[in-house]
Amino acid sequence: MSASQVPVGGTGVLEVKNLVKDFTVRSGWKRSKLRAVNEVSFTLEPGKTIALVGESGSGKSTVARMIAQLETPTTGEIHLDGRAIARHGDALARYRHAVQMVFQDPFASLNPYHTVGHHLERPLKIHGVAKGDDLEPAVHALLERVNLTPGEVFAAKRPHEMSGGQRQRVAIARALAPGARFLVADEPVSMLDVSIRLGVLNLLARLQREENLGVLYITHDLATARHFSDEILVMYRGNVVERGPSDEVILNPQHDYTKTLLAAAPEPSRHGKLRDEVRAELAGNA
Amino acid sequence: MTSEAVLTARNVSITYEVNPPVHAVKDVSLTLYRGEILGLAGESGCGKTTLAYGLNRLLKPPAVLRSGEVTFHDESGTDIDVVALSKEALRTFRWDKVSMVFQGAMNSLNPVISIRSQLHDVLITHRPQMRAQERDERAAELLTLVGVDPARLDSFAHELSGGMRQRVMIAMALALHPQVMIMDEPTTALDVVVQRGILREIMRLREQLGFAVIFITHDLPLLLEISDRIAVMLQGEIVELDEAKNIYERPQHPYTQKLLGSFPSLLGERGDFIRTGATS
Amino acid sequence: MAKGALRQLLPSRSGKLTTGLVIVIGITLFAIIAPFFTQNPRSSQNPAMLPPGADHLLGTTSLGYDVFAQLAEGARSSLLVGVTAGAIAIVLSIIFGIVAGYVGGWTDAGLRLVTNIMLVIPAIPLQIVVASYLQKRSLVLVAVILGVLGWAGGAVVLRSMALSLRTRDYVSAAKVAGEKTWRIILVEIMPNLLPLLAAQFLFAVILAILNEAGLSYLGLGPNNSITWGTILNDAQGGSALTRGAWWWFVPPGVLIALFGCGMSLINFAIDEIINPKLRSAPQAAKRVRKAGGDVVVNAEQEPEKVNA
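Residue numbers (our numbering), protein chains in the order written: chain A, 12 to 297; chain B, -7 to 272; chain C, 7 to 314.
FYI, nobody ran anything at the bench for these hints, they're computed from the structure. Incorrect hints may have been included.
DSSO-like, lysine-lysine: derived pairs with alpha carbons at most 27 angstroms apart [said to hold, decoys possible]:
id	chain 1	residue 1	chain 2	residue 2
1	C	Lys181	A	Lys168
2	B	Lys18	A	Lys284
3	A	Lys284	B	Lys250
4	A	Lys142	C	Lys186
5	B	Lys18	B	Lys52
6	A	Lys59	C	Lys181
7	C	Lys22	A	Lys136
8	C	Lys186	B	Lys52
Remember, it's a predicted structure, so these values are computed and weren't measured experimentally.
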């Protein structure tokens, strides 16, 4: 624990109730409505992880953006600690204090123009976690918490001088800076090289444990969803088609779509099987 | 699968002539056998794409093939020294003998020309003696081959889904009966379900048409499922090359072991993946 | 940090940039220094219509003014008009472009309406109308007219850039971090638009100088000021062309053309930063050529299209 940490307060939950998001799609003169998210509800508890699994276009990222207040839900509500969340002013600032987000692409989520130090100073300042002379040590402490040591070296770097994994660690540090209680992680490792994914996920898990964070883990990767979360929600075209404890959903899928997804996921232990299947199929046709 | 080689690369080194020079591929030797799927695995910057481009002489400056031999063993029995090909000969060699499907290739379809004309373009360029009627038939045949309804011939790229566009790109790569297809992350941008369909298609076509595939990806589990052999690349060198089964069951090189350990098993035990974060 | 960031934004040294800078800096120095060493440009004591000579480097006009002195004074005023108008135009296009693109919604609709109106009104006739309506025109007033009427094109470009930048993840991330809108525009978006803004500023300056010359040539320029345009206007009035007094109208014309050319060259150099493809292609080719001596295999030079 560093000096920069505000005490972890509140034992409340982040509750998503019947969230709906419609987008207007224009093609030529026609306007039509596209329902990106349809009646999604769940409750995020401190220390727990919910995985939102689905393919692109399933609406999972839209849910994340609504929780991060980057999109406004068409209908439905988001409650924090039992109260509907505010969309403006100081109350919004307090919400951002509690709920933060890690974006998918660490190459895009850090401003190429600014240093790492700048990216971390701002949230510390905005949320009054540290100021003045305390700022620099707080930045360095944050960097060291995400295993970017020594902090002062990394603070001076700019995004393009770092690898993808290092950038994503900076993005995670930025999300932690305000002292958030809930973290929305939108495909946090899908843009990273495979050999470092596990390291970043383990880092997130460690921070979650230390801070008792509630994490919404958004992914298309069923394997990490299973191992990283307590509960899995499978989304398909805006709807939650299956939900349950993670092992249950993966090992004993009920919905057809979940089964399709599972069958499509690469599984090294099935090596050679696909070839044999195809050959058998062709032999059958011949 | 026969043990007859279709493409051999010997001691290939490729350097990016920047300051300081980057040795992207270091003394790589590789043999591709007729009809096999050879997986080329590695992470970003390991040189796998550069190597593939080098095999096809597609390198653009500042990348330069510094040394090494690339030989293509044609069906007719003649050997072609790819490195020595003239510009004109190279044009016929590519696409005719060795074709390529790029990462995100589905976005390289021309948006203002129908699928039909784009397939025709390939045929007109490389098979000028073909009559329009024949070209039409071939185009329809190609689409059927990759599992796209020939009625889609008159569609434009934006009217097709990402998966269909990638199938069209594969059809274009197949147009001239190549003996080798180099595929660079052909399914990375696609969703798993779509990806699975395309992989199945590639494997089926391979059985039917007998071309060899060099399949480049960072996704080792995927390679393990589809490849006959796998080459693991690290910092410009092939550190391990073996049959898929052996790579999975008895990985020799520490890097291969590390890569395999990076994928938590979907259905099995947790392995290295410890959610409590104790290892980090 | 600022240093590194700045270096990255600076154009790489190239022939274009160097030539452009030499021309522009040369003319600017001429405008600043030369008036101290020339005679009074408004003094008509000299003999009329002298061709260039030792006493009068560029000869004299039909009223006995020294052309070189007028040219120097004109450079000063022309550049002043150009820079002032350029600055006004760039500030307006930032407001109407970046703010509209970033904020969106009704703000965007309103600001875009104004931009579109300004776009469809032909600028030069409007400048003529406004200038002829105002009887007393100071240099600054002309600059303001040119600036206020010359921002719309830039605003359209900036708006589209802002539209694409506002969906960038780092802008969303700044929002989630709790940054205020104005700060996001100034600190997160604007720095990434600096090369574009610089290019637009240069373009606005060229345009203003040209338009000022045009207005002055029509006799609608600033009263009681000497600019390159008013010299041309005087030359026209004094029938310099028919009397063969090339030294009267050629120098201001050449300076206008040279300055425009210099600024454009700098602009092209900046373009190469905005569009890295323009920058890296020739360099990469050069590098390989340099390495070519001992290259075993000549890599394909032509970026041939592969899939056809």
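Checked hints:
no., hint, in the structure
1, Lys181/C with Lys168/A, "holds (22 angstroms)"
2, Lys18/B with Lys284/A, "violated (34 angstroms)"
3, Lys284/A with Lys250/B, "holds (24 angstroms)"
4, Lys142/A with Lys186/C, "holds (18 angstroms)"
5, Lys18/B with Lys52/B, "holds (18 angstroms)"
6, Lys59/A with Lys181/C, "holds (25 angstroms)"
7, Lys22/C with Lys136/A, "violated (44 angstroms)"
8, Lys186/C with Lys52/B, "violated (45 angstroms)"
Taken one by one, the earlier hints fail for this structure at numbers 2, 7, 8, listed in ascending order.
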